[in-house]
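K.L.:
Single-letter residue listing:
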Amino acid sequence: MSVTLLEIDNLSVDYETARGDLKALRNISFDVNKGEIVGIVGESGCGKSTLISAILRLIAPNTRFRSGEVRFKGEDLLTRSESEMRGLRGGDISIVFQDPMQTHNPVIAIGKQMTDIQHRSNATKAEKLATAAKMLGAVGIPDPELRLGQYPHEFSGGMRQRIAIAMALMSEPDLLIADEPTTALDATLEVQIIERLKDLQRDLGCAVLFISHHLGVIAELCDRVVVMYAGAVVESGTVREIFHNPKHPYTRRLIECDPGHIKERARILPTIPGEVPDLANLPDGCIFRDRCDQAMDRCAQVPPLARLSEGHNAACWLNHAEEVA
Amino acid sequence: MSPILEVKDLQTSYGTVNVLAGVSFTVEQGETYAMVGESGSGKTTVIRAIAGLAPAQAGSVKFDGQEIRGVGERAMRPLRKDIAMMFQDPTGSLSPRLTIRNLITEPYKIQGMKDRDLDAEAKRLLELVNLPAHFADRYPYQLSGGQARRVGVARALALEPKLILADEPTAGLDVSVQGELLNLLNDLRERLDLSMVIITHNLNVVRHVADRMGILYLGRLVEEGTTEAIFHEPRHPYTNCLLSANPEPDPDARLDRIALKGEPPSLVKRPTGCEFRDRCPMASDICTQVPHWEVTDGHGVRCLTPRHL
Amino acid sequence: MADITTDAPAKSRSELSIILAGVVRDPLGLLGLIIVGAIVFSAIFAAWIVPYNPIAMNIPDRMQGPSWNHLLGTDQLGRDTFSRVIMGGQVALKVALPAIFGAMAIGLTLGMIAGYGPKWLDNLLMLLFDTIRSFPTVMFALAVVALVGPSLQTVVFVVMATSIPTYGRVARTQTLTLRNSEFILAERAMGASVARILGVHMLPNIIGVLAVLAAMDIPTVIALEAGLSFLGLGVKPPTPSWGVLLKDGYALIRQTPWLVVAGGLPIILATLGFTFLGESLRDVVDPKLRKNR
Numbered sequence: 001m002s003v004t005l006l007e008i009d010n011l012s013v014d015y016e017t018a019r020g021d022l023k024a025l026r027n028i029s030f031d032v033n034k035g036e037i038v039g040i041v042g043e044s045g046c047g048k049s050t051l052i053s054a055i056l057r058l059i060a061p062n063t064r065f066r067s068g069e070v071r072f073k074g075e076d077l078l079t080r081s082e083s084e085m086r087g088l089r090g091g092d093i094s095i096v097f098q099d100p101m102q103t104h105n106p107v108i109a110i111g112k113q114m115t116d117i118q119h120r121s122n123a124t125k126a127e128k129l130a131t132a133a134k135m136l137g138a139v140g141i142p143d144p145e146l147r148l149g150q151y152p153h154e155f156s157g158g159m160r161q162r163i164a165i166a167m168a169l170m171s172e173p174d175l176l177i178a179d180e181p182t183t184a185l186d187a188t189l190e191v192q193i194i195e196r197l198k199d200l201q202r203d204l205g206c207a208v209l210f211i212s213h214h215l216g217v218i219a220e221l222c223d224r225v226v227v228m229y230a231g232a233v234v235e236s237g238t239v240r241e242i243f244h245n246p247k248h249p250y251t252r253r254l255i256e257c258d259p260g261h262i263k264e265r266a267r268i269l270p271t272i273p274g275e276v277p278d279l280a281n282l283p284d285g286c287i288f289r290d291r292c293d294q295a296m297d298r299c300a301q302v303p304p305l306a307r308l309s310e311g312h313n314a315a316c317w318l319n320h321a322e323e324v325a
Numbered sequence: 001m002s003p004i005l006e007v008k009d010l011q012t013s014y015g016t017v018n019v020l021a022g023v024s025f026t027v028e029q030g031e032t033y034a035m036v037g038e039s040g041s042g043k044t045t046v047i048r049a050i051a052g053l054a055p056a057q058a059g060s061v062k063f064d065g066q067e068i069r070g071v072g073e074r075a076m077r078p079l080r081k082d083i084a085m086m087f088q089d090p091t092g093s094l095s096p097r098l099t100i101r102n103l104i105t106e107p108y109k110i111q112g113m114k115d116r117d118l119d120a121e122a123k124r125l126l127e128l129v130n131l132p133a134h135f136a137d138r139y140p141y142q143l144s145g146g147q148a149r150r151v152g153v154a155r156a157l158a159l160e161p162k163l164i165l166a167d168e169p170t171a172g173l174d175v176s177v178q179g180e181l182l183n184l185l186n187d188l189r190e191r192l193d194l195s196m197v198i199i200t201h202n203l204n205v206v207r208h209v210a211d212r213m214g215i216l217y218l219g220r221l222v223e224e225g226t227t228e229a230i231f232h233e234p235r236h237p238y239t240n241c242l243l244s245a246n247p248e249p250d251p252d253a254r255l256d257r258i259a260l261k262g263e264p265p266s267l268v269k270r271p272t273g274c275e276f277r278d279r280c281p282m283a284s285d286i287c288t289q290v291p292h293w294e295v296t297d298g299h300g301v302r303c304l305t306p307r308h309l
Numbered sequence: 001m002a003d004i005t006t007d008a009p010a011k012s013r014s015e016l017s018i019i020l021a022g023v024v025r026d027p028l029g030l031l032g033l034i035i036v037g038a039i040v041f042s043a044i045f046a047a048w049i050v051p052y053n054p055i056a057m058n059i060p061d062r063m064q065g066p067s068w069n070h071l072l073g074t075d076q077l078g079r080d081t082f083s084r085v086i087m088g089g090q091v092a093l094k095v096a097l098p099a100i101f102g103a104m105a106i107g108l109t110l111g112m113i114a115g116y117g118p119k120w121l122d123n124l125l126m127l128l129f130d131t132i133r134s135f136p137t138v139m140f141a142l143a144v145v146a147l148v149g150p151s152l153q154t155v156v157f158v159v160m161a162t163s164i165p166t167y168g169r170v171a172r173t174q175t176l177t178l179r180n181s182e183f184i185l186a187e188r189a190m191g192a193s194v195a196r197i198l199g200v201h202m203l204p205n206i207i208g209v210l211a212v213l214a215a216m217d218i219p220t221v222i223a224l225e226a227g228l229s230f231l232g233l234g235v236k237p238p239t240p241s242w243g244v245l246l247k248d249g250y251a252l253i254r255q256t257p258w259l260v261v262a263g264g265l266p267i268i269l270a271t272l273g274f275t276f277l278g279e280s281l282r283d284v285v286d287p288k289l290r291k292n293r
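Respectively, the protein sequence lines represent chains E, D and Z. Just so you know, the first sequence maps onto residues 1 to 325 in this note's numbering. Just so you know, the second sequence maps onto residues 1 to 309 in this note's numbering. Just so you know, the third sequence maps onto residues 1 to 293 in this note's numbering.
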């Protein structure tokens, strides 16, 4: 039985707009194995939202799949019908979104929302409520039985996000997709939730695809990391490889820029000059070329995502020094 | 030199909810003061109350020696060119139907300075924040978050204010461009001898921008001191929790995290005694008493069991 | 920040051309634009394009059906119906446009004041609006006509007065929503006066919605004028109006059905045209508004 749960294989997605095609994802490839936590690191415009909507097929009408496959348990999701996808969503694949204020239906009590989600199960209503209460307890909501009757507005933002995680994990999914789940929360809440997530993941054994631009959280939580920039994967590898031995200039600069590791007051903080390229007007060659301080002539060609070692891939000509001759 | 801003026992309530329970701090001229707090701490209310945009029922706010707490809009108006605000939502704080040129010259128009060459001022301001001149014809929705923020800075600097109040200046910015904005603020501060009050929950930002900082919890300062002192010798347990809730971008970093229990309490029912004790990892029986603000060597703390190094 | 699925253009074309392009792209919008265009054109140039003088009587030729001489026949006084229809269009717009613009201007102002000002003023204005709306239009028209007699101006006044609450409410709701936006707070932080906030910052964000409302309102107003004229409370004879044509046609429906068609058909066409245009405008303006927020 294969250990690979999700395979993104050479996925390319465009958005058709009045200005031309926005090349939101170009030749994206990476895997998520069973029980593994994979982090996607990227900044605005890197394509994380497009990636998630492609996996779940919750897409805008002007989305065009140009190439590639999204294989879940061996089968290409892109060929599945909408009703099949609906069966997967909230079942084998669950998602937690960024904004805890918008996730829940404001006019239905939390208990009812949590039993509604269990619509696939044959349990009785009482059993479903008990499961819901147990999940609430597992994410750290005090007095869960009492709180089942409350409405979303009676919970704080941090609690709502925890409820969202509880709801996502109730179906014991094979894959949990977490889209910037802690970005809108204060740091102290963020670490609380990350701790919970780690515990739950260990207990349930599900795989997690964790999207964030917060490097510290990624470093703490993930087993493997995929770094995205302007619609392309620039580097992927184990969390140690990525943070201790980055092989792409963008990854290196990103880590340098994170003020979390600059311990003393810096007169001038490092930054990556320039802007993210316009996805409708891509430059030739390497996507990072215009902002890279190590760009060479060779960068006029798009570098391939090359395998540098077991589980460490990077798309940069600097790693191909021996081939230059 | 007298301080540019002196806040004493500032209190703000909305109905029965007491959001600010007596905040006091001072900002010297040329200094950057960071007010650090999480949701519900009242940090946004503090600067809005100082700027006269939120009510303040009691206390004193002295700007350059002049009392401004509770004075009407008429009295505040001439001071509005000396006190400038930057808002948290970079695009949302820009009037959506105006061009950038009109947005950054808005302060001139409001203050009735008709004799200025507004085009020239717009150009000067865009240059000051490193934005290309042709951006003057763009609209807010055409800008990235970072660019919109810089427009906010440009607008704040238009009338050469003495004090800038910045609400989460780096919120929502990508890490790779955060530095740009902070470097810009540092640079401008030196060149123009600005004083700044920065509201944030991001301690990483504070470390590189602020001279002094205060930690706000439930509308009260629980610790205050120089940035150095607070980072190296935090005294209040809440400050400790905040400092340790900052995961490092290093998978092998030691996680000696000081966990914060529970959720921030509701402002409607404030806890008795020390308001932090229900969540404090160091709470003990003595904490049923109300702690007082004590200052040693310029480092203030409100705690009955503070850390000493 | 621009939403990646829709993306923002790098250069800003004039807003009007963007809106126009959007309307033209929609088939119903285009149809509406053509119909409205035809009506407006014939209204403006009515005096030049009418084949006959609309009020010239010609008794020997009365009550004729459609022919090459008289495209829509003649009425009981021998007047050319086609010419009267075209002139009626001019009358319809002469009532609709001033009435709607007037109602929009007054409603906008009062609505902004209600939304931004103190609560007591808001309550007072809402009471005023509700009072106006609870008055049946026809009774109100009767009262006004009894005071000053029927005329074009009377109709304009009645229509305007009864339309003000609609625009007022919408303007008020928009103002209440925008009042707490960050950009309004930023303007207050800079010391902007209330007049400046309302005129420079609120108004441009509200006017789009009101303009769409107005476009959708025009057919209602045209029908209203027609109705009032039909009841004899509107324009005085011999001024031709679609309502008057309907009235005459109704009385003579056994002798010549063409008059009723001539009165009713333009109203139907105008309603369809303005409605298509209005809906298309709303679809174009709405997403822009959302993106701009």
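Treat the hints with care, as some may be off.
Claimed, not checked - Distance condition first, Cα-Cα at most 20 angstroms in a straight line; then the derived SDA-like pairs of lysine to any residue:
{"hint": "1", "chain 1": "D", "residue 1": "K62", "chain 2": "D", "residue 2": "E73"}
{"hint": "2", "chain 1": "Z", "residue 1": "K94", "chain 2": "Z", "residue 2": "G191"}
{"hint": "3", "chain 1": "E", "residue 1": "K34", "chain 2": "E", "residue 2": "N62"}
{"hint": "4", "chain 1": "D", "residue 1": "K81", "chain 2": "Z", "residue 2": "L31"}
{"hint": "5", "chain 1": "E", "residue 1": "K198", "chain 2": "D", "residue 2": "E248"}
{"hint": "6", "chain 1": "D", "residue 1": "K261", "chain 2": "E", "residue 2": "I141"}
{"hint": "7", "chain 1": "D", "residue 1": "K261", "chain 2": "E", "residue 2": "F155"}
{"hint": "8", "chain 1": "E", "residue 1": "K263", "chain 2": "D", "residue 2": "N240"}
{"hint": "9", "chain 1": "D", "residue 1": "K114", "chain 2": "Z", "residue 2": "W120"}
{"hint": "10", "chain 1": "E", "residue 1": "K263", "chain 2": "D", "residue 2": "N186"}
{"hint": "11", "chain 1": "E", "residue 1": "K263", "chain 2": "D", "residue 2": "S244"}
{"hint": "12", "chain 1": "Z", "residue 1": "K94", "chain 2": "Z", "residue 2": "S193"}
{"hint": "13", "chain 1": "D", "residue 1": "K269", "chain 2": "D", "residue 2": "N240"}
{"hint": "14", "chain 1": "Z", "residue 1": "K119", "chain 2": "D", "residue 2": "Y14"}
Note that these hints are calculated values from the structure, not bench results.
K.L.:
Compare the structure with each hint and give your call.
P.N.:
So, going through the hints one by one against the coordinates:
In summary, the hint linking K62 of chain D to E73 of chain D is supported, as the alpha carbons are separated by about 16 angstroms, within the 20 angstroms threshold. Proximity of K94 of chain Z to G191 of chain Z is assessed by CA-CA distance (about 43 angstroms); at most 20 angstroms being required, the pair is judged violated. Under the criterion of a C-alpha separation no larger than 20 angstroms, the hint pairing K34 of chain E with N62 of chain E is inconsistent with the structure, at around 33 angstroms. A distance of roughly 53 angstroms separates the Cα atoms of K81 of chain D and L31 of chain Z; the hinted pair therefore is violated under the 20 angstroms criterion.
For the suggested pair K198 of chain E and E248 of chain D, the alpha carbons sit about 17 angstroms apart, so the restraint of at most 20 angstroms is met. About 12 angstroms separates the Cα atoms of K261 of chain D and I141 of chain E, which keeps this hinted pair within 20 angstroms; it holds. Annotation: proposed proximity of K261 of chain D to F155 of chain E holds, straight-line Cα distance about 16 angstroms (limit 20 angstroms). Simply put, K263 of chain E and N240 of chain D have alpha-carbon atoms about 16 angstroms apart, close enough for the 20 angstroms limit, and the pair holds.
Between K114 of chain D and W120 of chain Z the alpha-carbon distance is near 36 angstroms, which puts this suggested pair outside the 20 angstroms criterion. For the hint linking K263 of chain E to N186 of chain D, the alpha-carbon distance of about 18 angstroms falls within 20 angstroms, and the restraint holds. For the proposed pair K263 of chain E and S244 of chain D, the alpha carbon gap of about 13 angstroms is at most 20 angstroms, so the pair holds. Distance hint between K94 of chain Z and S193 of chain Z is unfulfilled; the C-alpha atoms sit about 37 angstroms from each other, more than 20 angstroms.
Using a Cα cut-off of 20 angstroms, the hinted pair K269 of chain D and N240 of chain D is violated, with the two alpha carbons roughly 25 angstroms apart. Under the criterion of a C-alpha separation no larger than 20 angstroms, the hint pairing K119 of chain Z with Y14 of chain D is consistent with the structure, at around 17 angstroms.
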